[in-house]
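Q: Sequence:
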Amino acid sequence: MIFDFRKIFLVVLVFALLVVIHGKILTGIGSLLVVQDIPPKAEAAVVLNTGVDIYPRLMEAASLYKQIKAAKVVINGNRKTDILRGLESSGYDPPCKWYATDISILTHLGVAKDHIVAISAEDAYDTISEAKIVGEILINNGMTSVIITTSKFHSRRARHIWSRMYKEKLRIYVASAQNDPFDPGAWWKDGRQIRWVLSEYGAWLYYYGLKIFD
Numbered sequence: 001m002i003f004d005f006r007k008i009f010l011v012v013l014v015f016a017l018l019v020v021i022h023g024k025i026l027t028g029i030g031s032l033l034v035v036q037d038i039p040p041k042a043e044a045a046v047v048l049n050t051g052v053d054i055y056p057r058l059m060e061a062a063s064l065y066k067q068i069k070a071a072k073v074v075i076n077g078n079r080k081t082d083i084l085r086g087l088e089s090s091g092y093d094p095p096c097k098w099y100a101t102d103i104s105i106l107t108h109l110g111v112a113k114d115h116i117v118a119i120s121a122e123d124a125y126d127t128i129s130e131a132k133i134v135g136e137i138l139i140n141n142g143m144t145s146v147i148i149t150t151s152k153f154h155s156r157r158a159r160h161i162w163s164r165m166y167k168e169k170l171r172i173y174v175a176s177a178q179n180d181p182f183d184p185g186a187w188w189k190d191g192r193q194i195r196w197v198l199s200e201y202g203a204w205l206y207y208y209g210l211k212i213f214d
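Residues in the sequence shown are numbered from 1 upward in steps of one, following my numbering.
Careful: at least some of the hints might be erroneous.
[Claimed, not checked] Restricting the straight-line Cα-Cα distance to at most 25 angstroms, the calculated cross-link-like pairs of lysine-lysine (PhoX-like) are:
#1 K41 / K113
#2 K72 / K113
#3 K113 / K69
#4 K41 / K167
#5 K24 / K167
[Unchecked claim] Distance ranges between label pairs, derived from CB positions:
#6 K189 / C96: 19 to 27 angstroms
#7 K97 / Y55: 13 to 21 angstroms
#8 N179 / K24: 20 to 28 angstroms
#9 L109 / K189: 27 to 35 angstroms
#10 K167 / Q67: 22 to 30 angstroms
#11 Y92 / R164: 34 to 42 angstroms
If you're looking for bench data, these hints aren't it; they were derived computationally from the structure. Each residue gets a CB set at the ideal place from its N, CA and C atoms; glycine is no exception.
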């Protein structure tokens, strides 16, 4: 009986340790994706528009603007594929401008309309191409410091890409969207967040794969 009790106790102890370690490892995996700078004043808050859930990013940019940490808010969009271009060439006219919703949300949140910069980035399809198109336009317009606003799980990779691409040209800071639902300490309990994490680590592999085979 004593032997059986010890066996049961040992099994329970091992199981408890696995649960604790399992949680810490998964939390570490989620936390590794997230960075949060404490930015000084910058010329603009740049809202990234690849990936998912732009609304928390817009809210973060508006918050930075109201805190007088960003003089302007930069949005981008107007993504187009060959199929959409074909529709437009055949006479299709979108019912509203691509920037209408974003500007409406930002002005609702207190950003002056004349302090919003809208950049058409038709061929941006990922973080790298978005950074190339948007960053070059910002530099050509004389900007030297920006705060990137993006989702929490996307923040480390976004900062890495922008900082590497515009080293010595732009001072880059990152502000993770505080209203973003991503939870590094429980992401594995939610199907949507699991997809975000898997996709983000896949994007890191793709990024370094390009570096190796370039």
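Q: Among all the numbered hints in the text so far, which are the ones the structure does not match?
A: Of the numbered hints, 5 and 6 do not hold.
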